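Taken in sequence, the protein lines are chains A and B. Sequence positions in the first sequence follow the working numbering and run 1 to 413. Sequence positions in the second sequence follow the working numbering and run 414 to 826.
Think of the hints as simulated: they come from the structure by calculation, not from any bench. All values derive from a computational prediction rather than experimental measurement. All residues carry an ideal CB built from backbone N, CA and C; glycine is no exception. One thing to keep in mind: the hints can contain errors.
What the hints assert, rightly or not - Here's a subset of chain A near chain B, in silico, CB distances under 8 Å, partners left out: (1) 75; (2) 86; (3) 125; (4) 126; (5) 138; (6) 142; (7) 188; (8) 216; (9) 239; (10) 327; (11) 331; (12) 355; (13) 359; (14) 360; (15) 395; (16) 396.
As the list claims (entries may be wrong) - Pulled from the structure, derived: some chain A residues nowhere near chain B, Cβ distances all over 12 Å: (17) 38; (18) 91; (19) 122; (20) 202; (21) 226; (22) 229; (23) 235; (24) 245; (25) 295; (26) 297; (27) 302.
2 protein chains.
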Amino acid sequence: MMKSDLDRLMEARGLDAFVVTGGEGYSSVRDYLTNGAHISQGYILKKRGEPMLLVVNPMEIEEGRKSGVTTITTIELGYPDLIKEANGDTDKAAVALWGVMLRRIGLDKGKVGIYGRGEINVYLQQVEALRALYPQFQFVGENGTTLFDEAMVTKDAEELARIVSIGQRTGEVLDAAWNYIASHKVSADETVVDAAGKPLTIGAVKRFVIRELMERGLEDTGMIFAQGRDGGFPHSRGENDEALKAGRAIVFDLFPREMGGGYYHDCTRTWCIGYAPPEVQQTYEQVMTAFDMAVEAFGLSKPTQPMQLAVLDYFEQQGHPTARSQPGAMAGYVHSLGHGIGLNIHEEPRITHLRDSDIFQKGNVVTIEPGLYYPDEGYGVRVEDSFIITEQGELISITPFKKDLIIPIQTLA
Amino acid sequence: MMKSDLDRLMEARGLDAFVVTGGEGYSSVRDYLTNGAHISQGYILKKRGEPMLLVVNPMEIEEGRKSGVTTITTIELGYPDLIKEANGDTDKAAVALWGVMLRRIGLDKGKVGIYGRGEINVYLQQVEALRALYPQFQFVGENGTTLFDEAMVTKDAEELARIVSIGQRTGEVLDAAWNYIASHKVSADETVVDAAGKPLTIGAVKRFVIRELMERGLEDTGMIFAQGRDGGFPHSRGENDEALKAGRAIVFDLFPREMGGGYYHDCTRTWCIGYAPPEVQQTYEQVMTAFDMAVEAFGLSKPTQPMQLAVLDYFEQQGHPTARSQPGAMAGYVHSLGHGIGLNIHEEPRITHLRDSDIFQKGNVVTIEPGLYYPDEGYGVRVEDSFIITEQGELISITPFKKDLIIPIQTLA
């Protein structure tokens, strides 16, 4: 969506203005509105129909200006005097600063949406103070599909180009990790070892992957590399000290983002080193069938839900428990099929049976990630690509790496 | 502070319970209470006088149990039925889940503090719904020095040992970066070049530093490596494509944390490659004098403010504008002297002239970071170490690297 659509989204919500606030740390909405400028704090204000205004600490003025948004400092707005008037109470001064900022954007009454990421306790308190001090404004939050969820759910051509490039680089890292593992050997007790006979650990693979990501301007955000039973829990991350073993299913879920904060990629492969036990092979084939069925079920401008329903139907026909047939089950197909990605790892649209309001649109970036989990039998299988929906309305994978199960490897002589 | 002190801190605030909630992404309070377990969402509840309860998505049950906190899933609390009853409205179901959770910890009325990090708009809305549905509870936020600010401001022996180790490793990275730069040569036009004559860029140094951090289990969180005029703005990060030049002041502010989220270190060095211009040398000496004065001004159980006042007095005597003499000035000494660090990069205590309530206590971890900035004259200088206050009440630097200004380097033959 173009940022010029913000006015329309504000109008639909009856907002006369929005203020994006929040504490230190990465904020996807701040990143989105300031075009990736490295601002650690500050306010972004917009009166409907008017351009945005960025208010920063004077130390961040140079970074702020890189945003392309009109930028002023809290000093220009008289913040030091406000602190003095509040006898050093910076919370009180911050509330006074809101009044100055809202006047500055020409708002003297109306509905103000408050957005951003921060410490919930701080903002609950601050909004209470704002409401007490400025009865002429109506300060509101928003949940469900928010203004920025809606703005960010479709990506423009420039965003898509960045996102495709991240997928390209992530595919290279998958390839490097595959080759790295394949360059090892399997010892008599099925341990994967290096030339010196030293076991290859999950920690070593993760360090290798982090380095490969970094060389490509990407950063890990908590990859899963989980073997055997651990892979049977969708979110178990794997144990660093554990050595890789031949014939165990490894769930490798990699979801890096641009270094320092930016767009994500999300993909999963399941690998068996050397060979796959028959039950893992069969499960893998079912997951691949589900993956292909999901892609088949895509329809532009159609709801996302039928895609998940097709996969649920198929897995249930194969005798697997699912999150629909047995909500809360820890075995079988226990999660939803996919989600949007962008400056957040989980965005709209969702591909789930739990709600039917999500629609596939041009410019969406989504994951498709069927999986089957049997921790008590010592394995899990998941396969995931990220996809874009192009301007032509096609669903195209942007994870350019093969989905083979078995990594061929030599046996130690 | 020991987590056993939480009851006392709750009592001081009249809280019958707290709930730590919040969205995806790192949350220092969640990390603190769950001992670093990798939980991406969920709730941490505590009734005063009772142990904590962790409520997670079923997919995160294995990670949740690693916290050592009693862990149950939203499924065990009947969340799927709540979604059904809410006709798929997950926001409504979440509000119903709060009622179940509060009953589960045995609370039927009283004051509930809400904490955590997340999308402000979502929680403003959710708390409004909670207040409407559960009039028997009083849901409150908190700003100023919050319960968790107070709990986290003093570190116990185990935390301090981790923090000292991070400092050790960060010192090694400073040393490696120094040696890396020194291994280059200076060309006739003062550009720093490698053996092949290729200019050494800021981007290349940053990539080197990120790699060195990673090898030591640390991650960069946005280092500053800013040369010349850029270094004259305290928060300007430096331009990746820019080549290093001899005789320019480089402000190198490195504030890594444990990989994947954890404790921070924070330190700054100012370097000149080959030689320093007289004005930079003189400014550096004044900053070092201020640094030493600040350390001298330390007093256990004493306010932090006199430390900043001593530095302000000194810099003003030397003729520099300061944030006290000219609030909002962009030249001179334009920021406060230091801040606490921990699971957040900026914590209490603050060392600032703007408030006088902060006290130095045993177990604090703080930065001391005087600086002088003259962007129009093309330079800035800052020197910063992290310090701990030991059980014996001593202020000890934990940044083990020299503070020399000039990196010796060879001239290209």
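Hint by hint, here is what the structure shows:
no.	hint	verdict
1	75	holds, 3 Å
2	86	violated, 10 Å
3	125	holds, 4 Å
4	126	holds, 6 Å
5	138	violated, 12 Å
6	142	holds, 5 Å
7	188	violated, 31 Å
8	216	violated, 11 Å
9	239	violated, 11 Å
10	327	holds, 4 Å
11	331	violated, 11 Å
12	355	holds, 5 Å
13	359	violated, 15 Å
14	360	violated, 19 Å
15	395	violated, 25 Å
16	396	violated, 26 Å
17	38	violated, 6 Å
18	91	violated, 5 Å
19	122	violated, 5 Å
20	202	holds, 14 Å
21	226	violated, 10 Å
22	229	violated, 9 Å
23	235	violated, 4 Å
24	245	holds, 19 Å
25	295	holds, 24 Å
26	297	holds, 20 Å
27	302	holds, 18 Å
Checked against the numbered hints given earlier, this structure breaks hints 2, 5, 7, 8, 9, 11, 13, 14, 15, 16, 17, 18, 19, 21, 22 and 23; the rest are met.
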